[in-house]
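Chemist: Next come the chains, spelled out residue by residue.
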Amino acid sequence: MADTPLQVTGKEPEAPESRSASIPEILIGSAKEAVLRVQEYSYLALQSVTNVFSGPHYVQDILDQMDSIGVGSLPIVLLTGFFIGAVMVLQTASQFVRFGQTSLTGDAVSLALVRELGPTLTSLLVTGRCASGIASELGSMLVTEQVDAMRAMGTDPSRKLVTPRVLATVLVVPLLTSISDFIGLVGGCVAAVFSLRLGVVQFWTRAIDALELSDIMQGMMKSIVFAFILSTVGCYKGLTVRGGTQGVGRSTTQAVVISSVLIIVADTFLTKLALYLADKLF
Amino acid sequence: MEATISFRDVRLGFDEGDIVRGLSFQVFPRETLVLLGETGSGKTLSLKMAAGLLRPLEGEVSVLGKRVSRMKEKELLGFRREIGFVFQEGALFDSMSVEENVAYRLREEMVPEEEIGPKVREALRFVELEHAIDQMPSELSGGMRRRVSIARALITKPPIVLYDSPTAGLDPVTSQTIIALILRLRDTYGVTALLATHRLQDGFALANFFFDATSNKVLSNREKASRSLPGESNTRFAVLRDGRVFFGGDSEELAAVKDPYLKRFLV
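These protein sequence lines map, in sequence, to chains A and B.
For the record, in the first sequence the residue sitting at position 73 is 78 according to my numbering, with numbers rising by one throughout.
For the record, in the second sequence the residue sitting at position 18 is 72 according to my numbering, with numbers rising by one throughout.
If we strip away everything but chain A, and leave its shape as in the complex, we get (with noise of 0.2 Å):
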């Protein structure tokens, strides 16, 4: 034992100081913790995607989440992307006929579609279904140590869990809110047929003669951004969890929560910015 700084000591340890904290102490501790919590989640979105620009990538990763994530919520986003179109249908229409207009429920619901609901509804689905998912995954897997056994392992948790997660999200986002936007037309062709007598051709020809590129563009780009906010803080959510199992109930409903905010929230600005773009380069 002499060549080692082990040594029998026997002493009592001091007892760590403890004093109540003043309310503005407590202000300023609450705000610093949200500004590093605001750190954290923009340091683990920036690493998400400059992982994807140096190796190793884990391709298999990628595919099993696109499916998961991808071909998983598909039945939800046909079911309610149907459903949607052919409601959007009845009430522009209970408003367009009373100035006998209802030919241009086509052009309304097309717009309406591909612009606003297609890109929020589908994202917001996937919200629910896979940032809380996401969430509950991660955080599982940071409660039993599997995250540290990673990172033991010489795996960067970022590598292998985020980015793979993030990718295939923004990858089958879009794919979701295209084939939404489409059945909600085909939903919205239905309603029109059966309920304002509107010929299917004559709903078509409307919905696709109001549909600008920009348009498109709008809703692509929304989808696109609305993805990487599910899936960051899905996966943030995951990783930062505390307070054993308990805590993952927790991170996982608040990954729905700050995620189906952030969307709507991002929705706005996102509009703005588009019907700007549009304006200009249109």
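Don't take every hint at face value.
Mimicking SDA-like on lysine to any residue, the simulated pairs with C-alpha atoms at most 20 Å apart in a straight line are [as the list claims (entries may be wrong)]: (1) K120/B x P213/B; (2) K211/B x L273/B; (3) K128/B x Q52/A; (4) K128/B x L160/B; (5) K128/B x K37/A; (6) K211/B x D313/B; (7) K271/B x K317/B; (8) K128/B x G60/A; (9) K165/A x F147/B; (10) K165/A x L160/B; (11) K128/B x L49/A; (12) K120/B x K165/A; (13) K37/A x L160/B; (14) K165/A x S151/B; (15) K165/A x S145/A.
These aren't lab readings, by the way, just hints derived from the structure by calculation.
Using the hints provided, position chain B relative to the given structure of chain A.
Modeler: Same frame as chain A, but now just chain B:
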């Protein structure tokens, strides 16, 4: 002799306050240091700092001559090849089979598939779980999970193995199996180990027994002396209390202590 693992005045804490306060110890080559302590005394944190999974707020952690506490995460990812880590509950990847878990590190290192198979089988044979190669972690018992975790840690034959409470929550018979495995790993490959536990009997077993490769049995040190068998492995103890070393010494010194706090471990 240069220490394989060295902690100097290490401090680490979270929002709730400091947990490790001025921790200092050294582990020399082929030596096993048993970190004894109650829950919350900083044992697991010490292991995680040794592997660079956590960074100390103050002080210095050196492993194999490298200042782990100052290395960047990118450098650490490569460096951790030298360290095997056996986590408390095994920390096996749920979504992967036993084979995939054990082969994980090799596949990460792009080792050709034809080399992976024999290595995985060898590691699983070492922990006597070759038959479970295709099973999923959820199908395994607690003891089997720890054994797979040991196989996963030794797949790259690291010079250092860190064990985090390897027998926690296991029945006495299974605990003995795990300890025998740790002895075997120590005496077969000559690894330097840091073992965190709250069970003194685990530490005494490591100090008083050894694995004899010729008879393939665990024998007591007395037998080693009487049969003048070769092999030198030293086991020391460090009792942690409130985040620092409260006692350091070998098994005889620990058995002879009079301190009431330390005596609680001996009961």
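Chemist: Under the constraints set out in the numbered hints, which ones does this structure not fulfil?
Modeler: 2, 5, 6, 7, 12 and 13
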